[in-house]
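So the sequences go chain by chain: Y and H. For the first sequence, the residue numbers in this note's numbering are 1 to 252. For the second sequence, the residue numbers in this note's numbering are 1 to 406.
To be clear, the hints were calculated from the coordinates, so they are not data collected in a lab. Hints are all accurate, no fakes.
Partial pick of chain Y residues on the chain H-facing surface, computed with a CB cut under 7 Å:
no. : residue
1   : K78
2   : N96
3   : L109
4   : Y113
Glycine included, C-beta positions come from ideal geometry on N, C-alpha and C.
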Amino acid sequence: MAYVIKMDSITKIYQMGEVKVHALRGIDFKVNEGEFVSIMGPSGSGKSTLMNLLGCLDTPSSGEYFLEGINVNSLNKKQLADIRNHKIGFVFQGFNLLPRTSALENVELPLIYDRRGRIKNPRKAALEALDKVGIADRGHHQPNQLSGGEQQRVAIARALVNNPAIILADEPTGNIDTLTSVDVMTVFQKLNNEGITIILVTHERDIASYARRIVKIRDGKVRKEIIEENPRDAKKDLEELKKGQAFEEEIQ
Amino acid sequence: MRLIKNLLKSALKSIAKNKTRSLLTSLGIIIGVSAVIIMVSIGQGASAQIEEQISALGENLIIVFPGSAATGGVKLGAGTYVRFTLEDVKKLKEEGTLFNGVSAIVRTGGQIIGGGNNWATSVLGVSTDYTKIREWPIKEGEFFTDRDVVGKRKVAVLGKTVADELFPNENPVGERVRIRNIPFTVIGVLSEKGQSPRGTDEDDVILTPYTTALYRLKGGRYIDMILVSAVSKDQITQAQEEIRTLLRESHRLHLWQDDDFRIRTQTEIIERATETSKVLTLLLGAIAAVSLIVGGIGIMNIMLVSVTERTREIGIRLSVGARSGDILIQFLSEATVLSLTGGIIGILLSIGVAFLINRFTSLSALINPGIVLLSFLFSGGIGVFFGFYPARKAANLNPIDALRYE
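Using the sequences plus the hints, can you model the full thing?
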């Protein structure tokens, strides 16, 4: 099976004045097509740095990174931008939607910068992406008129719209409550079932365990890999949570 | 193509989202552009007015002034004024080949009494060619003839103002007026001429034969100046040269002696008169252009604020695959659209103001399409120039830092 992501002894060193900070100390990391991987680690473990490298927002100090067979290290700034556009979909903790811009236009944003011109009708593609995350009817709303869960769905739709090789989700549930978090996880699981490769960075064990594989990072190195034989089913959890909530309301 | 269109669309959108701010930012350019156009228009209007007035002196006009006697650069000053004599005029008239008309001018003046009124005015002694040279037709009666000139007859032709002052409600032709107590017969009235380039009333004048003015009013032998009109515009230079040759002969000047007269043409007078207004136009235009540059700095300022404010947006755009060039174009076009919009509003404003100036003031504003185009392009250029630094700052942002920016 082809690797979507293949990282070989990646290091990243930040020069902070006089001090050298070793954020990553030799990471070997592979992701197969169609996988759902969680990267877990405490703050300072280097998982954000890894995320930035995976997303081609930054380049490693040493080591090799192949994204769908392309050696990313050899690319210039322009080519990196194009790689981000063609192959990567980002979902951020703080949603990062353009304010005062409709959900549809937010989802269309990556298509503006797609120079390949594959998608003839951006509006239609954006609508389809919104439909996939289940909020096709909210297309004309602006971010401040949407709930946290809905905003994150718009962000996922934006990540999807260009048919990327992977979706990188950086603490996607960090800013939302538990119920909504599980709700967002149902979207990721649904997309993964449809064959989309997803990498999820989180520090919450509960959230990480919705993935089929959990990679634990500490001090810039991979410490542990766990294969979940039976990952949690977000849909079922959501139903139970809702039931629980309904019960609580009844009591009150 | 779609990319550029979309970047331009984002730029327009962000301008539309901050209407008040955009308007205030453009205000500098609006004021600058309209100031430049209005200043230059007024200047050019003034030049055109002066030119028109001087043209009213008569086509192809050459004026010969007396000068000072001089030998090889040693000028003997005002006391040695060499004036023209009747012989000079006669020689020009008889021997000139390129002249349409020659007229002596004898200037005098005094209190005029007539029709029970009196009026102080200037009296010009002129030749019969004068009306032809000045293109100044008679309105009533007739002009004097060569016989009147030879006979030093006491006939007078009144300017419109004098006629109105002395004979308000009647036809002055055939009436008598007294110039310095000497009785003259009014034989004609001139048509209205209006203001001279110096702003004096041209119609406030009485014309008599120059011989009469010389011998009966002034009591001298000398003629103050000579007006000549060339046969055509292209022959003014040759005519000038001919005047020079004839007058040098007439004054018996040796080769080593300088001219003792000065020749001025219509074009020279126009140039002199409009030179001042041109310098003024340039100066006012330059001052106005400074305000344009200040407007540009205003745009740069706001664009810098905007880049900082929208750091996160830039981060988002970079993360979804915008190249730094795309960000540069987006912000650059935003600045350019701001300044061009300001330019267009400024142009419309200045056209409005020019209309009001022409309508309600004595100034005339002449809008030159060239200056309109120039200031439009200039305002666009200002947008690009002052927008470049903020746009580059935006384009060079690191996507990771930009995404984390609070």
